[in-house]
Each structure stands twice: as structure tokens, then as C-alpha cells.
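Given the coordinates of chain Z, work out where chain G should sit on it, guided by the hints.
Those protein sequences? They're chains Z and G, same order as listed.
When you line the first sequence up against my numbering, it's residues 1 to 389, in that order.
When you line the second sequence up against my numbering, it's residues 1001 to 1368, in that order.
No lab work stands behind these hints: they were computed from the structure.
The beta carbon of each residue, even a glycine, is placed where N, CA and C say it ideally should be.
There's no promise every hint is true.
[Unchecked claim] Have a look at the derived ranges for each label pair, beta carbon to beta carbon: (1) Leu1061(G) with Gly108(Z): 54 to 62 Å; (2) Glu67(Z) with Met1348(G): 46 to 54 Å; (3) Val1050(G) with Pro136(Z): 37 to 45 Å; (4) Ala1152(G) with Asn86(Z): 45 to 53 Å; (5) Ala229(Z) with Leu1202(G): 51 to 59 Å; (6) Thr224(Z) with Ala1040(G): 47 to 55 Å; (7) Phe1100(G) with Pro279(Z): 49 to 57 Å.
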Amino acid sequence: MNSPNNDPLSRMSLSRRRLFARAGMMGAAGMSLPAILAACGGSSGGGGGGGNSLFFENWPEYIDPSEDDLTGTVERFMAASGVEMNYAETYNDNVEYFAKIQPLLGNGKPIDPDLIAPTSWLVGRLISLGWVDKLPIDLVPNAANLRADLQKPAWDPTGEYSLPWQTGFAGIAYNIEATGRELKSTEDLFDPAFKGKIGMLTEMRDTMGLLMLADGVDISTVSTFDAAATAFDRLEAAKNDGQIRRFTGNDYLNDLSTGNFAACVGWSGDVVQLAVENPNIRFAIPEEGGTSWADAMVMPKGAVNRDAAAKWMDFCYDPVQAAQITAWVQYVSPVAGVQAELEKIDPELAVNPLLFPDDATLARTFSFANLEEGVEAEYDARFSAITGA
Amino acid sequence: MTISELTPNPVNSRDESTEPTRRSFDPERLGLGLLLLTGALLVVVGTGMVTGVLATLALALTLGTVVALIGAAILGGPEVRRKIAPYGLLKPGMLWLALFYLAPLVTLLRNSLSTLPSRFAVKADFDWNFGNYSTAFTDFGGQFQRGFGYAAVATVLTIFLGYPLAYVIAFRGGKYRGLLLGLIIIPFFTSYLIRTIAWQSLLADTGPIPSVLNDLGFQPILNALGIMDGDKILNTPAAVIGGLTYNFLPFMALPIYVSLEKINLNLVDAAKDLYSGSVRAFCKVIFPLSLPGLFAGTLLTFIPASGDFVNQQYLGNPNTSVIGQSIQNQFLVQNNLPVASAMSFVLMMIITVFVIIYSRFFGTDDLA
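Same shape as in the complex, but just chain Z (with noise of 0.2 Å):
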């Protein structure tokens, strides 16, 4: 997830889950509006030694809110640990995101924030930077249920500094009526006929990583800009041509319903919404292979409040919280055992193999390398004269 969903037509499809998820909701978090109350009553008289606030920066709608009659996953947490949480959906980009914190981490000044959730490549560079601390995972016991897949990841090889929130991959979304077919494979993003039909995205690893399996490179292992240059001159031959219409970041799910594109590089969470309303919006992990991505959490250097932020990760990783928020997003749950909770509550949504990929999908998708300072900014600066920017 790079950026905020603004469909309309997703959110519509999230209320109507929402319905799914009620019944289930209030039984798991065995929870009452009383509790609420004298947990928020009581959380402020705390504090000291930074223990008992905690300041959550996240991407936006990106967790089961508390709405109607429903008690959102951050109030059953500050219900459950007495913690008070600022839980704040203003993390809305990557790029953006890392010029803002450039100048203080940079300068070795800590930011607001105690725990953020960035793009696994961002959560790389920042290692590599060293403007995060390591998790206190000794306090997290139920990381124990991060997936096996996630572990130790390349991002994060130590796994000592990120606890990945959210996962998903990024593949082939179309419109099955404007294409007249079903799309399997990278190459018919190529195909003449959707000339001037064609959106990739913005956000470099996942546009790249695409065409570069179809290239034959693993991207899992690649190191060198040159591995990824004739994936490159591929792209900027589409893009002269005409064949690619716009890079977009999540817009492209407008005009994915609109028809403005046949198909494009897109989100499988994004997709899954999105095809609830609109049935003709399929999405398809190329036989060459998709991206996985992570969106991750870490906490900046210098924050203050790590034994709260170990307990709400500790709430999070429980499957059963876990599963409340599957519920909501949609994506692929990095904790191991939400697919039987989330039986309970979505029995349809816990079969969906974009939520729960079986090992044939796993094996055709691959996360991008963590690139070297130096071959990341060739990499950038090459996919940025091609977007045009």
C-alpha cells in the first residue's frame, strides 16, 4: 500500500464487510463500551518514563476504525493495556514521507512519532541509515507469529528493527471488459492492442520488479543496475511509444473502473475491494512473477515509548486482533493463524487467495532486493527520467 485508497467504490465495499464482521467483532475483543470509557478515563493520569502513550503513524485506512457500534482494534487495545494510543493516519507516501523526516533524523534529532509503518525498501534504507532502533522484541512474545516467509527478511536481516503491519503483492489488474480477454502474463501489458491503455505504477519496486521477472532477473537476489537496464529500456520504449498512458500511484484504480486503462501494475488488496463492486476488475499474478511487498513497523531512532510500543505490537500479532483488521483492509496478514479467526467472522473473505495465498501463488512472487546505496540511486534516477518527472 503506497498511498491513501480514495475509491469511493472501495469503501462501500468495506462497509458491507463490515456487516460480516460485527457479530464476530464484539464476541473476539470480549470487550464493552464501559471498559472503553474507564480505560480512556484512566490512561491519562499515567505516563512517566514514557511508558504509557504511544504515538502510531500509519498509512491511512489501514485498520478497522470504531464506528457505529463497532470498537475499533486501537480502542480495544487502549481498553486492554490502559496504554493511550494517538493512532494517526498521516503517513501517505514513502518519498514524501522520508524528505520530511530527512532533516531531523539527518541531523540526529528525534521525530513525533514512535512507531511508523514504511514500505519495506524504505525500512531498508532507514536501516542502512541508522535512524531506527531495534525493536524490543524480547517484550513481544507473540512475535512469534510473524509469518515464516517474513522472517528475517531482506529488508531487515537481522529481523531485529521491523514487525512487517500489513503484506500484499503487486500484479496485474485489468478490466476484463476493456480487454476482451484474461491476462496471465506480463507481456500482454506490452500487447498493441491496449496502446495508450496501459498504467504502471509509481512506486519503482513494484513497475520494475514486475518487468524485470518477466525479464528473467531475480529480483530477489539482484544487485547491479545492470541486471535491471534492459527492463529499463523496455519501459522507456512503452513509454515513447505511447503504449503506457499514465504512472500512477492509487488512483489507478480510477482509472481502472472508468476504463481509461485496459489493465496496469496494481495492488492485490486494492483489487480485492474494488472487484466486490465492479466484477469485470480481475487481478492476476503474472506466470513470470509478481512483487511482494511489506509495509513494516519501526520505531525512529530516539523514541521514547518502547515498552507501549511492544505492547500494542504484542496486540497486534495476536491472531485474533489480527484478524480484525484483515477483516477491514483486506490484505495479506503478515501473523501466522488469522485465516482460522477470520473463519469465524468472514467465512467467504477467509478462502479469498488474494488474502491467502496457497504455495504455488507464493512461489511466483518475490520481494525486491535491498539495493546498495549507490545502485539505488540509478535505479532512481533512471525511473524518474522515464516517468517523466
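Showing chain G alone in chain Z's frame:
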């Protein structure tokens, strides 16, 4: 407007100063000196060249110049006061400009000649790196060309649309003048961004405008003219230029209206009395008198349009990228302050040269 216009004529003042003994103390020189000193001090502080104690001293000195000027006015006679008054009046403006215009400009210039020690470095090192300017031209030449090209076409289009509009409202509007002017301004109640994004829906492939054009069979003609690309308008150069034209039309129409409205219609009657036809009266009387408005409108349209990136962002495609977008990208996405600063400087220089040449041809005498 320059300082010499505001200050009393030096010849006159010398005539009036009948006391040759006071030559050693020239209030005008004092006023000018203090003004320039203030400007220089604020630039030095504003650009961060001095910090800590030195900066405090500089600010104290700035305050001192204000006190000195007031002191000179109180201690000196009416003659002195009269002479330094213009400098005193210029001071607030000078303070403002020095701190919020000159200081950032100097910082930008310094940055444009600096080098980043590492990719994510917070501060660039100043080392007379003119390479940033060659990068700006070699890597972004196309963006410069398109930026100015689209702005120029859009400016011409706003003239062709805005002039008749202003003309009709000024001369034929009658009692509806106010209403019609209001209608031009009303779109401004909505955010610029929202208005531009609204065009995305209108021009979408399945949206109302392309559908109607296709149904009426205009598609081959528009394709031949290069306005449509196949069945689409959105994400073409035409859409970008169209967006600019739409967004900047009021900036053209309103100044022209102001010029036209001031014209005394008796002049047209006089021209007709002298056997001039309507067309000739327009060409010889109305059009020349409306030139100041046209001049102002052109500047108000062309300058912001050449740096605009919103229209390209939402209505263009990757092959229509413009300079404003590249600068934004270099500043905020690539974190490449030196190159971004060099690009901004080149953009400003080109616009300045354009304005100087343009004002030579059209003159700004009537523009007060």
C-alpha cells in the same frame, strides 16, 4: 519603480541646501546607507551565513539602523526629515523583501552551486559546482521546452477567448456586467486542484466529452489536428494545454476588462466621425488603449503557466512532462537540492529575460 524615482531630485535638493557647512553630513547618503545595511544584514542572517552570537549581533545592528534613522529624523531639522523620509518609508518593504525574497534567493543560488556529499545528506556543500546547471539543461531540456511551449500556446488561447469575453462584458454587458464578471470568478471558489481533477472525469475515455465528439464523427478531424489521440483526449498534450487555458482564462480576461472598461466611448464616436469604420476604430482606438490590460494578462497567465505542473500531472501523460513537475520531483522525491535549485534558477532567468524583452516591445508606461 526605482529608488531614484522616489527620492527628491538631487539637483533640487542641492539648490535648496544653502548651508555648505553641513555638506559633511548628507542625510540622503545616511538613509540609503542604513537601508542597504539593513538589507545586507537580514540576508546574511536569513541565509544562515552567520549563526549564534554573530546572528544576534547582526539583528541588534538591524534594530540599530532603525533607531539611527529615527534618531536622525528627531535630531535633524525639517530639511533632514524631508530628505530621509523616503528611506524610512522604504524600510518596512526592504525588511520584508530582504528576509523573504532576497535571503531565499541567495540560499537557492548557493544551493545551485553546491554538491551533496552523499545521497541522503541533509546539507549540500558549497563548492562552485556549475555542473548542476549543465545537468539542468541536458537532462531537462525537453521539460523546459514543453513547459514554455504549452504555456505559450495556452496564453495565446486565453487571449483569443478572454479578449472577446472581456469586450462583450465591458461594452455590451449593460446592467448584467457585475453578474457576468461574477460568473468568471465563481469557479475560483473551488480549489484549483479540484477543478483540474474534474476535467479528468469530463475527458475520460468513456466520459461525456469524448463520447459526444466520437458520436458526432469529429474523431478523424480531431485526430488529424492532433487534438485527439485515437479515441482519447485525456492524457494528451491537448488536454494539458486545455487545462492551462481553462485555469488561467480569468487571469487574462479580468485585466483586459479593466483596461477596456476605462476607455471613453466618445473616442470611438470621434473615430467614426472621422470616417473610420467599426473595425478600424477598434484597431486604432480600442485595441491600443487595451494593451496595458493585455500586457498584464499575458504576464499573469504565461509566468505561472510555465511553472505549472498540476495540469500535466492530472491531464498529461509521461511524454508531456514539464519543467515545474521536474523541479518538484527533484526537490521532494529525489532530494536533489542542488540540481533542483539550478533548475529553479534557470526557470526564473528565462522568465525574467522574457519579461524584459516583452516589456520593451509593449511598454509598461500605462501600467501603474
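Here is what the structure says about each hint:
no.: 1; hint: Leu1061(G) with Gly108(Z): 54 to 62 Å; in the structure: violated (32 Å)
no.: 2; hint: Glu67(Z) with Met1348(G): 46 to 54 Å; in the structure: holds (49 Å)
no.: 3; hint: Val1050(G) with Pro136(Z): 37 to 45 Å; in the structure: holds (44 Å)
no.: 4; hint: Ala1152(G) with Asn86(Z): 45 to 53 Å; in the structure: holds (50 Å)
no.: 5; hint: Ala229(Z) with Leu1202(G): 51 to 59 Å; in the structure: violated (40 Å)
no.: 6; hint: Thr224(Z) with Ala1040(G): 47 to 55 Å; in the structure: holds (51 Å)
no.: 7; hint: Phe1100(G) with Pro279(Z): 49 to 57 Å; in the structure: holds (56 Å)
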